[in-house]
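*Asks:* For the protein sequence lines, the chains are A and B, in the order given. Numbers given in the numbering used here equal positions in the first sequence, counted from 1, plus 849. Numbers given in the numbering used here equal positions in the second sequence, counted from 1, plus 849.
These aren't lab readings, by the way, just hints derived from the structure by calculation. A few of these clues could be false.
The list treats identical chains as one, so a pair stands whether inside a single copy or across any two.
[Claimed, not checked] Derived SDA-like pairs: lysine to any residue, alpha-carbon spacing no greater than 20 Å straight-line:
| hint | residue 1 | residue 2 |
| --- | --- | --- |
| 1 | Lys865 | Arg886 |
| 2 | Lys865 | Asp855 |
| 3 | Lys865 | Arg968 |
| 4 | Lys865 | Asp888 |
| 5 | Lys865 | Glu1007 |
| 6 | Lys865 | Asp854 |
2 protein chains.
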Amino acid sequence: MSAIDDILAANREFAKQFEPGPARSPRVAVVLCMDARIDPIRALGLPYGTANIIRTAGGRVVDALRSLAVSQAVLGSSELAIVHHTECGMAAVDDEQIRERLTERGMVAPDGMVFHTFRDLEQSLREDLEVYRACAMVRQDIPVRTFVYDVATGALTEVG
Amino acid sequence: MSAIDDILAANREFAKQFEPGPARSPRVAVVLCMDARIDPIRALGLPYGTANIIRTAGGRVVDALRSLAVSQAVLGSSELAIVHHTECGMAAVDDEQIRERLTERGMVAPDGMVFHTFRDLEQSLREDLEVYRACAMVRQDIPVRTFVYDVATGALTEVG
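Turn these sequences into a full structure, and let the hints steer you where they fit.
*Replies:* If you want it as structure tokens, here you go:
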């Protein structure tokens, strides 16, 4: 059975007992990685309706800016947490290796494509804070805090 | 207390009882909205390690392509589900209204910025499938299926 057929079967059971929570406005936006080991709602305690959760490869902010502008201007979130994590796939390869793996599978990245791999979590968080600070369509008057999530322990540590 | 301080307090409790799951490769990537009412791991039955979850405003694919290339070329996902949902904030405003709300808060969108609001879920899913099909750095030889998630019932319905 395909993974997507498994999803449909699981959702049929989920919908049987589903009850929507209370209507709320999200207080916070969280940018974090798409990593398959991270369950942000449980790990960060984000009850129904409270957080816009934006997930990208590496938790990089570069392709979260449209979503953050919408979260803040349309939905009203007024805090931001940027979370990178240990054992991230984006720290295990570099951009050149990603290009090679794409080529092996018959794909090709556009000229000038940057995949935003990284080596050091504190540096990647600093870079992403700079990307955020340089963006005119997101709020600069709200708390923006940066964190490392440890996938071995489940613990979140503030950085910077 | 700030929302982020709440997150840190919740995470301390989470980490006390955290146990990592088994090492696995993700089978599937899921693109869906950052909406605060959606818990994709529960709603779609995605056990630890099985799915790369990419979340953007509206579940739009345009800013998920870097992440999808990494998910497929580096992490090995080999199916894709694109999920849009009912009562989406991106269907309640248009791009012009987002620009106005940004201006009201002192922000400004870059010239040419497109926020990818939409009116019709089947059309937004068709558009996003076209965006995916036009991209040379993602796999065209895998199942790519599109869905609507109903936030009132929790039910996922395949479209197209």
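*Asks:* Hints first: check each against the structure and report whether it holds.
*Replies:* Consistency of the hints with the structure:
For the identical chains of this complex, Lys865 and Arg886 are inter-copy neighbours only, at 17 Å across copies versus 26 Å inside a copy, given an alpha-carbon limit of 20 Å. Taking identical chains as interchangeable, the C-alpha atoms of Lys865 and Asp855 lie at most 20 Å apart only when both belong to the same chain, with a minimum of 16 Å there against 31 Å between chains. For the homomeric pair Lys865 and Arg968, neither the shortest alpha-carbon distance inside one copy (44 Å) nor that between copies (28 Å) is at most 20 Å. Taking identical chains as interchangeable, the C-alpha atoms of Lys865 and Asp888 lie at most 20 Å apart only when they sit on different chains, with a minimum of 15 Å there against 22 Å within one chain.
In this assembly of identical chains, the alpha carbons of Lys865 and Glu1007 lie at most 20 Å apart only when taken from different copies (17 Å versus 39 Å within one copy). For a Cα distance limit of 20 Å, the shortest separation of Lys865 from Asp854 inside one copy, 17 Å, qualifies, whereas the shortest one across copies, 34 Å, does not.
Going through the hint list in order, the structure does not satisfy hint 3, though it satisfies all others.
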